[in-house]
Structures are given as structure tokens and as C-alpha cells.
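Q: Using the sequences and the hints, build the whole thing.
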Amino acid sequence: MMLHKNKLGELYGKVGVGNQTMLGIMGNNRDISVGEIFMIYSQRDGHERVFFFRVLGLENYLRQVDDISRVAGTLMVEGDSYLSGIERNMLLSVDGRMLGYAEEKRGGWKFMSPRRLPDHLADVYRPIPGTSDVPVREMLSSQTDGEVYVGDLQVGEATLDVPVMIPSKFLPMHVGIFGSTGAGKSNLMMVLIKSIIDSNVDVLRGQKDKQPISAFCIDPHDEFAKGVDKYGIQSIIETMDQNTRSDVIGDFYYITTHKKATPREVKRYAKEIRVRWDEIRPRDVYSIFEFTPQMASFIDAQFNLNKEKWIAEILDLKEDPDGTPKGTLHAVQRRLRFLERSPIFVKDGSSILSDIFTAMETGRILVVNTSLMRDTEQFLLTTVVTRTLSDLRRALKSSGNLSDFERQGQMRLPAPFFASIKTKAKAFYGKGGSGDSASVRDPRDLPVILVTVEEAPSILNPELMRGRSVFKDISRQGRKFNMGLLVVSQQVSVLDNVILSQMNTEVNLRLGNEREIRSCIENASVNISGFENEFRVMSRGEALLTASYREMPLPVRIPLFDTVFEQEKGRYKGKKSRKSEKHVL
Amino acid sequence: MTSFSDFTETEYEMYLPRLREMESLISRAQILTNTVVHEELRKVSEYAALRNVLTSDLNPRYLLLDGGLAVFLHFRRKYPSMPSGFMLRELCTLARKEGVVLCGVSKNHTIPFAHRIAKMAQDVFGDGTKWFCLLPSKEDPGGGLHITEDRTYIPPVLAVPYLFSFSSDNRPSRIDFDRIWWLENVFVPNDPVATRENEKALFRDIEFMSRDARWYGYPVPLAMAHESCKLSYEDLRLAREICRDVRIEMGLERRKTDPPRADYNL
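Protein chains in written order, with this note's numbering: chain A, 1279 to 1863; chain B, 14 to 279.
These are calculated hints, taken from the structure and not from any lab test. Check before you lean on any hint, since a few could be wrong.
Claimed, not checked - Using C-beta positions, here's what the derived DEER-type ranges look like:
hint : chain 1 : residue 1 : chain 2 : residue 2 : range
1    : A       : Gln-1298  : B       : Met-263   : 37 to 43 Å
2    : B       : Ser-241   : A       : Glu-1337  : 19 to 25 Å
3    : B       : Pro-96    : A       : Gln-1298  : 53 to 59 Å
As the list claims (entries may be wrong) - Here are a few chain B residues that face chain A, going by a calculated C-beta distance under 8 Å:
hint : residue
4    : Arg-224
5    : Asp-225
6    : Ala-226
7    : Arg-227
8    : Tyr-229
9    : Val-233
10   : Glu-240
Beta carbons: idealized from backbone N, C-alpha and C, even for Gly.
A: Structure (C-alpha cells):
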């Protein structure tokens, strides 16, 4: 026997009825809550296994009493009645789902989908924080490992010291964060940003042999930098020593519409969002507005005619050109007119797009304050950034050497923009030099790029995704370019099927209504049918993490950003040895 | 086992004379059907268990039996007609000696017009009252009840029966005491008030035993004993299964052991 059973937790009960999916356990009359995870030790046919079981329903059970209601009624009516020696007959009948089982193979634990059944009347253990953490961590390592920390494994109302992570290699297969208002999405985003920064710090210090992760994080309420309570991303930046800071965030991490309105300490790391009209392509606007075929062909014609100046030309036109159905121009102008009033989309002047590109290709985090933007501006910005980055990686993927890349880049990207980043791009993408003949790197060796899509239903809805949306390609092909979407939404039901079917990791927080719960369960990458009741009782900060590459749906408690920051703020200081080494040099 | 000769040369041979003597005392031999024999076996087993309790160091105050204390007698009323009768009387003597109150509780009391007695109690004392009612015999002061005149075993020989009800939801049950013990400990000659006080003290104890919400109105020890030894349909099914396995192991012919209704999916 390899496993110390007492390390699993306290002996709670025995397996009663059930099958490989659902089990009934008869257990002690303890204060059990829905959502708790039990471990069942089984040794059928000499195979030592630990099954994981999640409580979905509870029922009081009195041995030798068929009609509990009648007994309760008698206790109520007959004032002198008692129950003699009943304590030992008071049990809890626990129903729940089998999550899978762990089996030791070749010195390591392997986790399998529920396809076997625990032994007859097998012992059931209830994990105890502080005792069960290590064995659970080991047994579930294949289910919880990764680079990006999300939270800790939740067992009912308590958590075990078992960190739940998302592997960075699966980020390009898109992540969904679903939860109603107040479910904890903002805190989760901040925890994720911190995890990405932590992972990048480890990579830069050579502690992890992985690619860094870049993230373009939309912050619709401007709360990531300063935080909701005490600390924010700015606190992390300030805790870093000079070297770590310049390695991990470069010279800015915060981009905003109005730099002047930024708090002083954040301003040092802030840049203003400016995107020139000539960096916008027709596909970008197709991704955020619905256009009739006539309007789209009019825009395409104008783009072919005027290239990068297409927006300015359209907005300057006074009447429908020949051959264009009457009213088309006005309809298109009405949709594009917001660009004239927009503080961030400018006709000419400087642009931040090349800085965003540099940041994303060097493994950095960008917090994008969109609180002062209109919806359309936010959507267009996300679209332009996503399309620009993906087109560059697409150009890279289609090239054999840097000369090919230059050709591909010129073909796919707006000329002024490409001209401004060409040299840098060659430096990032070239393998062993930046000469034309130098071969190019595989996108999988470049940083993973994660782009947040906030209020996702506004742009990832079936109507827009039916057209020539930028996001349709990304959702299908992002993996090839090592680029993923982080889809944040209050609703699942209104998202397009293309994105839902391509999504491989979902963080399901508390949801608003039955329809969303149903959609969430249908969309989950692993079977979580039967978890309806769980969603109904979820609290703020609790989530169910499902991933196609994992067998087990993982209940996670997302800690408060302030808590994890306080626990780990020491890690951002560089090692002393490094400092002194620099001094000697 | 078909005859006494089967015992020869076994460890039971020494008991043969006593067995023959006992056989001679069984006066109901002519009606020994399977059911009667099974009932008798159950009774003697229970009495044997009871005897074990009385001779143990448990020292209970009360010893409760499921069923009445009736002893069927030879028609000339000289002695009990079955071995269980002898055992019960011997138990009564032993209980008296040990200071244990032996009582038999029967839910099926066979007392005529018990519901009328219950109704009268309800009318007099009100709803939800806990009551008991002595069913006197001809020997008691005031004589027996005319409703039991034609009933040979009500009251049972050498027993004192009471009807009682501790819950208005339940039909009344009967409880029997050993008459000799009753005469010594409850009945006070020429003093009905003192007798009633003794009865009340006795029933106060029994009533206190009967307040468990699971079996309200029925003594807990009997209820628990019933729960732990009753045969459920599932138990019977398992017993049939075991019986079938044993028959197969013994090489006996296969025989259906399920009840005949199972043949028709009933």
C-alpha cells in the first residue's frame, strides 16, 4: 500500500449506492455543505485508487425510521416525547457526482475521467485543510498545474492549499470568464494579471522554461491599476526593484484616453491611447457594426481606391458616388462619424499601436482604461489591436525568412503602420539576426498574447460573427499564432457558437439566471451536468473551472487581490546577489 | 430427525428420559401442525432468551415480552398443554425471586369491545389522556366482566390483564402481569385506593418507557427489540437465497423457494 489513508482527511462515511457517474454516500451527521469534495479510497482488484466525489445534494437520514415527517410531527405534538439513543442512528445521505479518480502509475499520480466505480462500501474521507493539502495536490497535479494562477481548490466552504493554474500553452485556445455583476470578475482579472506578471517574472529570472505571456487587458471601470480596495497592479509595479520593473513592464503598462486625468503615481507608467485612422481597416469596422452588403461593397471600393485614407475620404464625400445605391454613403458615414468626435481615433498625429505591438511581442501587460471611452471606441480599439497583432503573426507564419515576412507584412498591414514597426518586428521575429535572409521564429516560441474582450456579447454575437469579423478568424486560428482571446461576459447564451466551441478554458463564476446557468453547463468543456444547484448557491469569488484538456471540473475560490498581493509582495524584489553583481560590473 | 432413537449414541442421549417425560406432558399433540410447532419454537426461544437475562447480572427492573402471558392448559386445567407454558410459569417464579417486573405487551389484545372502553375513557377523561384499565377476573373483588364471560383465556390463567393507551392516535394495547406477583406487589386487599396508587406507579414507569417519538405510546425496549430482530421482506428474500444456495451445496433437488405469487409476477 502506497497511500496513507489518514492523510486523505477524516473518515467520513461509506459508499452506498450509485454508478460511475452519480454516487450515494452514507455518512456521519456532520455539517456538510453542497460543493464539498470527498475522497473515496478503493482497492478493487488490487488497484489502489482515490476517487473524487463532489457533493450535490444532502438528506437527513434516520436509521430504522421510514417516515421522518411522522416522527417530527410526533415530537411537535406530543410535548413529552423524546428520541432515545437516536444520535448513532442519525446519518447524512449524501448524493453527488463522481469527478474522476487518481491512480498511481510509474511513480506519479494519473487522473482519469470517471469510468470506474469505487469498491463495495468503500471508505469515504473528508479532506481537512492543513492535513490533506499535500496528497490532494499530488493526486490532482495533472488537473491543477500550469503557469497562470486562478485560485485555490475549494472543498465546500473551505479551501485547500492546492493552487489551481491554467497552463500558458492553452491560453491561445481562448479563455472565457462568465459571471453576473458582483460575481467577482474584476478581482479575478486582477488576480490573473498578477499571475501573468508573476509567471513572466519567473521566466525572466530563468526559473521557468516557458514563453512569457502578454496581455492586453481592458479595464472598463479603471480599477485594475489602483485596485478596488487597498492594492492594485500599480502596487506590484511599485514593489518591484528597478531591474525587474523595466524587464517586466518596460516603461509603461497603463494606457488611457486622458493621461492628464491619471493619478500621479500611475501617470509615470501611462501613455495616451491614440490610433490613427490609417491604421484601421474595413474589417475592423465590420467586426463591430452590422453593414448591409451594399455598404460593405461601397467601403471595400473606397478602400481599394484610397487605401489607408479610406475613412477620411468617405467622411469627406458629399453624395453617393456613381453606381452606389442612394443612401449608402449616409448610412456608412453615420456609422463612421463617431471617429471624428473620438479623442482616441485621430486623423493624423502619433499612434500608440506600435508601442502596443512592442509590448505584446516582449511579454508585457497592458492595462487599458476604457472607462472614459464609448462602447464603439472600446470595441474598435480591441478589434484594431487584435487584428494588427494577428495579421503580423499571420505574416510571420506565412514566411520562410525575414524578406518574406516584409513582403507579407506589406501586403497584410496598413503601410504607414508597417513601416513604423518593420525594423522592430524583424528584430523580434528573426532567428539569429535581422538580415533579410535570416529565418523566422515559430510563433509558438514567441510570447503568448492574450487579448481581453470585455462585454463580449456586443462583438462576439452571432450577427457580427456571421460577417467578416476579425474575431472569427482569431477564435479558429489563434492557436497557430499563439494568440488567444480572454472573453469576459455576463452572459453565455448570447455569444456566438464559433467562439464558444473554440473556447477551451472557462472560469464560470456566479451567474444571473437559470438560462445562463443552462448555457454555461452546455458550453462547459467538461461535462458538468448536475451542477445546476451549485451555480445557484455560489458566492462571490467562487468559480467552477472547466477545461477541455482536463478531466475534472475544478471548484475554485479566487482570493482577493489584496490578500495574494500581501502574501507575495516579497517576490518582486530582485535577488541581492544580482544587485551586487551589477555593481561590480 | 424422525424419532427418539436418532438420539442414541449422541451427546443428547442422556436427555432422552426427560424428553420422553416432556412428550408425555404435551397434551395438544393431536393439533401439532407446522404453524403451531413454529410458534412454539419461537416462544421457547424467546423464553430461553428471557431466562438468560434473568440469570445474568443485568438486573433489570422490568422485563417486557412481546405477546400476552396466556398459558394454554390441559383441558382438565391441571397443567400447561405445551412446554412453553411450563417455561413461562417457571420464568414468572424466577422473576419474582429476582425482583423483576415481568410483563407481556400485546398489540393484538383480542379483548372484546376494547374500542368501547377506549371511547368511555376518552369521554370521561378527555382527548389525549393516557389511561389504563384493569380487566378483572371472577376472583377479583366485584367479580369479572360480563363481556369476557364466554372467553376461556380472558383474563388469562394466572395473569392480570390491563388495557392501556398512551396516545390518542393509537388503538389500545393490552399488558399482562403475573397474577402472583400482582397479588403480592400491586393488589392491596380491601383497599382499592392503595391498589390504584400501586397501579399508577407501575403504569407511570411503563408510560415513561413509551414516549419515543418513533413509536409513541409503545414501550421503547420492545420497539427497539422489534427493530433489531424483525424479518423484512428483504430479509426473507435473502433467507430464501441462502436456503437455495445451501440446497445446491447439499446436492438436493432444485426447488423454487420464491412465494408462488412470484411465478406470476405478482
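Q: Hint by hint, note whether the structure agrees.
A: Status of the hints after comparison with the structure:
1. Gln-1298(A) x Met-263(B): 37 to 43 Å: holds, 39 Å
2. Ser-241(B) x Glu-1337(A): 19 to 25 Å: holds, 24 Å
3. Pro-96(B) x Gln-1298(A): 53 to 59 Å: holds, 56 Å
4. Arg-224: holds, 5 Å
5. Asp-225: Where the cut-off is 8 Å and the nearest Cβ of chain A is about 5 Å from Asp-225(B), the hint holds.
6. Ala-226: At 4 Å from the nearest chain A Cβ, Ala-226(B) passes the 8 Å test, so the hint holds.
7. Arg-227: Where the cut-off is 8 Å and the nearest Cβ of chain A is about 5 Å from Arg-227(B), the hint holds.
8. Tyr-229: holds, 5 Å
9. Val-233: holds, 5 Å
10. Glu-240: holds, 5 Å
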